[in-house]
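There are 2 protein chains.
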Amino acid sequence: MKKYDVVIIGGGPAGIVTGMTIKKQFKEKSVLIIKEEADGLVPCGIPYIFNLLGKDADKNKMGHKPFIDLGGEVIISTAVKVDKTNKLVTVKTGEQFGYDKLVFATGSIPQIPDFIQGHNLQNVFYIKKSYSYIKELTLEISDLRNIVIIGGGFIGAEVAEQLAAANVNVSLIESEPTCFSKAFSPELSRIATDALRKTKVNVLTSTVVKEIAGFNNKVSHVIISDGTKIEAEAVILSIGYISNSQLAKETGLALNKYDDIHVDNYGRTTIKDISAVGDCAQTFGFLTGRSDIIKLASTATAEARILGHNIFGIRIKKSSAGTLGVFSTEINGLAMAAAGANERSAADVNIDLISAKFSAPDRHPGTLSGSSDLTVKLYASPADGSILGGETWGGKSVGEIINIISMAIQKSITVYELVSFQIGTHPLLTSSPVNNPIIRAAEEIIYKVLQIQK
Amino acid sequence: MKKYDVVIIGGGPAGIVTGMTIKKQFKEKSVLIIKEEADGLVPCGIPYIFNLLGKDADKNKMGHKPFIDLGGEVIISTAVKVDKTNKLVTVKTGEQFGYDKLVFATGSIPQIPDFIQGHNLQNVFYIKKSYSYIKELTLEISDLRNIVIIGGGFIGAEVAEQLAAANVNVSLIESEPTCFSKAFSPELSRIATDALRKTKVNVLTSTVVKEIAGFNNKVSHVIISDGTKIEAEAVILSIGYISNSQLAKETGLALNKYDDIHVDNYGRTTIKDISAVGDCAQTFGFLTGRSDIIKLASTATAEARILGHNIFGIRIKKSSAGTLGVFSTEINGLAMAAAGANERSAADVNIDLISAKFSAPDRHPGTLSGSSDLTVKLYASPADGSILGGETWGGKSVGEIINIISMAIQKSITVYELVSFQIGTHPLLTSSPVNNPIIRAAEEIIYKVLQIQK
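Chains as they are written, first to last, in this note's numbering: chain S, 1 to 454; chain B, 1 to 454.
Hints are computed from structural coordinates only; laboratory data are not their basis. Bear in mind that the values here come from a model prediction, so they are computed numbers and not experimental data. The reader is advised that the hints may include incorrect statements.
Coverage of chain S stretches by chain B, computed from C-beta distances (three or more under 8 Å per stretch; other residues unrestricted) [stated by the list, open to error]: (1) 51 to 60; (2) 111 to 125; (3) 236 to 243; (4) 357 to 371; (5) 391 to 399; (6) 446 to 453.
For glycine and all other residues, C-beta sits at the position ideal for the given N, C-alpha and C.
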């Protein structure tokens, strides 16, 4: 039986980054990753397999080669048992591996809506983060003309957009009045839903699925709340993900109310020498410190870096206990992103905020070709002016502008400081220095605050 | 004689933003801008007039309408005298305007190399930030086939690239071994110079101009150090800008050794109720606090915002005394940017630093069309790990990535904090969360520091 300094169960972004960080920073330590499939997928790239990447799952592979290159070892199997007393992991074949430190990076699995009649019919699919499953799915649906997607979050909407672009008749069913409503403010949710409506996707909001109906045990149509039947040769369910924490539970690790593995700021579980990281691990809301559900590859890799540096003892302080949800997407050519609080999420937890937005072309002069309108909306504390959240939409630069805002939130930067924020600008790359939307939105908030104080 | 709460001399970005900020935050205050020409230009957009904007200076106009819309007033004239005792400004026509607060935003003017023989020949031009001058220049050179540009900084190189793209035979002469060497590190200077060499521009580095030669008092060729004659129907001199501070000097304001107007952190000069802002005002190096020369529209507008909020009394603290130079450009489709220190600039002022870089595709998976390679190089203090500078090059997202780095420098964020920096990522918009180049470069620095400590 081989013994490793670290055994990691799971080879998604959280597991791979944990492994890479350890092998990079502690060359001499032996690290084994146990992963179920030889090939992994870039999680957020999955929707693009269905069109942009030419229906070829191989173009969205995420392998473990960078980890191997650093001296890590990988075994393709499924961990079935952890003996925490003797520090052993048993895999499906019966083989055992000893560990000094064990990491659960078991990820998340699609939520199965057993409350929907017909959810277990043939041709009802999920967006599983599994190479073999998605490869099979692309083949299964390749000749189909009518597909219904249930759930208008990012994955559901992006898959809908991609399938529609590949000339499939797609209906997207969302129970809320807008899609994207868990991550975006009411305003940006509307903008994003409108963008989706401009594609060929048939977007049905405020719509509840009554039944997935079938013929010969195979999906034939979806019946919605008002009785309408929508023809469907396949249904893709995308209503969320839950922690894959069964093995952790069997091992005796404490789980929280969402079945996420309980961890401290450094990924340490309730059992010594066992950590958890990524989608299977608990997160805490950035502003409230309350248990939250944020399952993103970006937050998973941030946790993995912290864990990787600190697994043999805390050397690098985590700069914030909370997990900041930062979300980006692009629908019909409109890039959109959000970080932290908005009016709705703040009201949910009774946080006071003040907001303002500013729009300007993302090139200057705006007459330059390729210029598009860029908007930044900031949310700040009316008391001290610190940035609590932000949203931005427009051209592709949105993808990095949200990270400026994200840094401002994480460092408690205030609107007052943003007045003297020094930026780089260039005609072909950014808005003009006169009209930088982050700074101008901050100034609008200052204006509002000073008017209130009068 | 009309009296204003604020009179601003100069209508470039610094003057306009000062005026707009005051009118936005203090509606009831009267503000007059005295500007020389009715139409202004977006300063950094000037190179693009020569090709991308169709040789049409009108497409690069920067007007004062946003200031007028806020209730500001503008007079088109030249200020010729300031009576600081009676608080009066006299313009060319003899008209006088009273002020409570006066702002010098007189900008900068091209440096004239009187040491170069022939610099005053006909068809020797400069890149003046003047609408009428540039409009005239585009007409004057519109039929010319051979143009020599002297000075390989941003403006010179960008104008060279644009003219070459418009099928002019352009030679660019730079005395240093690379172009862009004042703003970029030796490495990025080389990359940028190589990018320029891939265009049709004839780039002559380590080359000194011996003489601008003429025939009938008009430019005919440029003679360089080795005696080579380069045919030139026109020469464009772009060797830098100096403060337009003559009137300030006559008014009795103290100037520094560069002839920039001496100011404190809030733009206040040595005379009560007179401020200066933008290119004509002194700047202090961000890391050293020493007098520096940074003349950028972006830093000018940052100063203008601080001045505008604080002109009637300090209400919003400036978050840093120093001016951070943040530079961006795009040459031959390669976007490049730099902020703060690099090996060369740090060595000049004896600042110790450690650097590392990381490259990854700026989309994920990298197989997505439109993906290009993105590099981030970070410079940090080996003592506390705080970010002192950064560079980035690749696709257009570079324009905002440098602003993430810029914020990190301004907030003294350390490489250790960047390990837990939470970012937003999306396949179509950013690098993968596994390979965010800022975070990975920070980790490389941590690795180096920990290796040194061993």
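To see whether the hints hold, each was checked on the structure:
1. 51 to 60: holds (count 4)
2. 111 to 125: With 0 residues closer than 8 Å to chain B, the segment 111 to 125 of chain S misses the three-residue bar; violated.
3. 236 to 243: violated (count 0)
4. 357 to 371: holds (count 5)
5. 391 to 399: Answer holds; 4 residues pass the 8 Å Cβ test.
6. 446 to 453: holds (count 3)
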